[in-house]
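Trainee: Now for the letters of each chain:
There are 6 protein chains.
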Amino acid sequence: MTIKRGLFVGRFQPPHLGHCEAITKLLKEMDEVVIVIGSSQFSHELSNPFTTGERMTMVKKVLDEMGVDPRRCHIVPVPDVETHSIWVSLVRTYAPSFDVVYSNEPLTRRLFEEAGLTVRNVPFHQRELYSATEVRRRMLAGERWRDLVMKSVADYVESIDGVGRLRALTRTDKAS
Amino acid sequence: MTIKRGLFVGRFQPPHLGHCEAITKLLKEMDEVVIVIGSSQFSHELSNPFTTGERMTMVKKVLDEMGVDPRRCHIVPVPDVETHSIWVSLVRTYAPSFDVVYSNEPLTRRLFEEAGLTVRNVPFHQRELYSATEVRRRMLAGERWRDLVMKSVADYVESIDGVGRLRALTRTDKAS
Amino acid sequence: MTIKRGLFVGRFQPPHLGHCEAITKLLKEMDEVVIVIGSSQFSHELSNPFTTGERMTMVKKVLDEMGVDPRRCHIVPVPDVETHSIWVSLVRTYAPSFDVVYSNEPLTRRLFEEAGLTVRNVPFHQRELYSATEVRRRMLAGERWRDLVMKSVADYVESIDGVGRLRALTRTDKAS
Amino acid sequence: MTIKRGLFVGRFQPPHLGHCEAITKLLKEMDEVVIVIGSSQFSHELSNPFTTGERMTMVKKVLDEMGVDPRRCHIVPVPDVETHSIWVSLVRTYAPSFDVVYSNEPLTRRLFEEAGLTVRNVPFHQRELYSATEVRRRMLAGERWRDLVMKSVADYVESIDGVGRLRALTRTDKAS
Amino acid sequence: MTIKRGLFVGRFQPPHLGHCEAITKLLKEMDEVVIVIGSSQFSHELSNPFTTGERMTMVKKVLDEMGVDPRRCHIVPVPDVETHSIWVSLVRTYAPSFDVVYSNEPLTRRLFEEAGLTVRNVPFHQRELYSATEVRRRMLAGERWRDLVMKSVADYVESIDGVGRLRALTRTDKAS
Amino acid sequence: MTIKRGLFVGRFQPPHLGHCEAITKLLKEMDEVVIVIGSSQFSHELSNPFTTGERMTMVKKVLDEMGVDPRRCHIVPVPDVETHSIWVSLVRTYAPSFDVVYSNEPLTRRLFEEAGLTVRNVPFHQRELYSATEVRRRMLAGERWRDLVMKSVADYVESIDGVGRLRALTRTDKAS
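Protein chains in written order, with my numbering: chain A, 1 to 176; chain B, 177 to 352; chain C, 353 to 528; chain D, 529 to 704; chain E, 705 to 880; chain F, 881 to 1056.
I should point out that these hints are in silico values taken from the structure, not numbers from a laboratory.
No residue lacks a Cβ here, since even glycine has one placed at the ideal position from N, Cα and C.
Each hint should be verified, as a subset may be incorrect.
Stated by the list, open to error - Reference listing, derived: stretches of chain A covered by chain D, where coverage requires no fewer than 3 residues with Cβ under 8 Å from a Cβ of chain D:
| hint | region |
| --- | --- |
| 1 | 117 to 130 |
| 2 | 145 to 153 |
What the hints assert, rightly or not - Pairs of lysine-lysine, DSSO-like flavour, derived with a Cα cap of 27 Å:
| hint | chain 1 | residue 1 | chain 2 | residue 2 |
| --- | --- | --- | --- | --- |
| 3 | E | Lys765 | B | Lys237 |
| 4 | B | Lys201 | E | Lys708 |
| 5 | E | Lys708 | B | Lys180 |
| 6 | B | Lys237 | E | Lys855 |
| 7 | C | Lys413 | A | Lys61 |
| 8 | F | Lys884 | D | Lys589 |
| 9 | D | Lys532 | F | Lys941 |
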């Protein structure tokens, strides 16, 4: 009996309730999930404030708070590469083998499809609300961002002064 | 008797009738032409949809359809580098030796001029019309893009579903 | 109450019984262990035959077979960099935060010590026997390599024809 | 008696009177200054027109024209890296050791602070006026840019036709 | 009717009579051949003395001297990458599509086989004699190297003082 | 009246009395010297134990102890690149402009000569004795290495425990 693995790609800047919903869904359809922390090389940017180590820590906390069996989950950082056409090959090198890709991102879907893989949609509810972009926007605006993430993530972000870092990033003007 | 070679730089995303006109002109002035496929590392981007292998295939088809003697043409992929000032040196490493550079692109011209090379203009007719940007715009808008490229290029783009790929790229939103 | 994490660096080409002993020891002294899969970019080399994805799969199987609580373990691939002096910084970016480094490797120890971190020895028994070098040597010689690794690792290596790959690598002669 | 060194980061595209004021201030507070030429890999871009060699030449001329003792100054090119969180480590590898960082740039400040270093502000007068952005804007507009830089810098920029290069860069349209 | 393409990988340092024999054979079995100039980034090394541009020039001369129809040949430089497992993906990005791989090199064969491609042997006669290693050895020893390559290659190597360069490389001692 | 600059390339692992002799000679023939710290990206290796920052510090101390006017000297770190043929271009980007290259290293000489530059020999006395290889050998063997370097270099190496680092590097066995 072989294990069926689904691949789920996100940047997790930070992980939010939409990610949790997606992971729950995948674990109903598949035996195991490979969670790819994409764009892993970036941090300290407005749209990528957290390091891979911080994102891995948060994803682990999320799985724990959700009560998911950690043996069913693989967390794999994968960097972006400037040659998009080799990115699928990089994922295959860095990740345990997988059978199905779950993604709504058109380029990600296209790249896996061109490589001959099966790609499925991830049905998110309220996609505008549960998005990392909205979480970061609220962090900067001083609005209620904690409602969009799990408690363990919110606590962790505060323990590393994540909002302070994000605010410092808005004031940067590297091109002067 | 030494052979005179002209260097012609393009991205060929995809090759269009303007490129054909330029190559024809070069082959009147020079014995051989070195066709540099620039920005070679990029693919699956809105302004760089095709891989180097696909672009090389299309350029070969163009030369064939034009009836050009292939022994007079060298096709050389060259990646962009973040340090512009070493790019000329990279071209010289990757390409057969050349005598004159043909380019209208101001940065390309400047870099070759600072390196002490002779740079000439390429007289294009209807530059706004015969441009890869216009070809890609028409592809996305569902307009008559086939008129701007050679028949063999149009057929090839369709055989690899190039328009489908370009449309997938417009829907991508990597920064969420 | 804060969690104490120990960092353990290996290449896991493949994971062997010495690694298991080390992980067991760390988990007695620390709350959690960060297992760094070092030299993560390499594969299909005589001393690095397995990809990161394969190594991550094997380390997970080892933890499972040992009955270790997976919530106490973090698996983090980290590539080598040509500038050794920035490698510690890379580990810190890619891994969850950690308090103590466990390593017997003199360069690894030196780099972490120069960065001001606490470094401890890992007491291995029979270091010559339980080493990945010895496992690979036996694989190539047709000797009893399965005795040096956990059963789940041995089964996995066979399922991907790891010994066949290693033998192909011995016959390579790239410099001709 | 140990020497106290202050680190000062700039791109020096080109060095202007604001930089001079900052260096003067640092040399009052510290024994020596380490001048980091940041984003060292870039040149021939609109906001990075000059190579590192050219910028190093100009900074040396500035120190000479200011009458600063060159033994108190270290000039160190440091490239940008896509992983911001390792950049501080890169500076430490490339530069002589330093005690205090002087910077007004929010991201630079944040990165050094997260690494546990002391960061101080650089009080600039008329920051809008004495900026490299304003110098380059005036160069392109044909306005009085020489007033914003030291005479030796102005003469050097003219000797290498820096304004001509900058103008070539405005006309470039690489994405066609 | 689709065209059948065979892929042939070499480093061509320099192209020799064994390469010619292999290309002749491929063109009997396939419609077209994709000639990969491997390890394309290297030059000025004892085992990689020639640049990619020089090697491309020589391969073109060989095809011409052999009287091969150049429309049936594609010449594609591909660099080595440190992650062997993504190299096949790189070849696919840089080369026109291909159906069969011809190679005797065990690692090259293994990588293509693991990617699911058909790999065939290239029957060379006198492999020890017709090898680039032997050509370079003779060049350095002052022996009859011209016998092992085509006349056009021998003439070209002399025109760029290739033997002089190779000799300079033997005297280098970079590690002092 | 234009300034004449000579380029001098070394790795300075560490700077020794042979380097001092060479710099003295150059400053007799040229107005200024550009001292390239080559292989700048390496550190913590047996043949490259010191970081660029440490090497830059030592070279500055040497110039100071020799009583050389620092305005006549430029210190420029330049990394090795895997494509040797573009290295000269990299030096030209990173260094102030120069007129003559001084080097005894055959590959360095060849690369500059192929780029059309004037290259001169550096007459060293007792080249076997005054070499960084010999200094490092003595450090490891516990022999009198201080005799081969300037006092300020010897004191600096001791202040950073350079010999201790070198010894740690000999014990490393990364390939296990």
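Trainee: What are the numbers of the hints that this structure violates, sorted from low to high?
Mentor: 1, 2, 4, 5, 6
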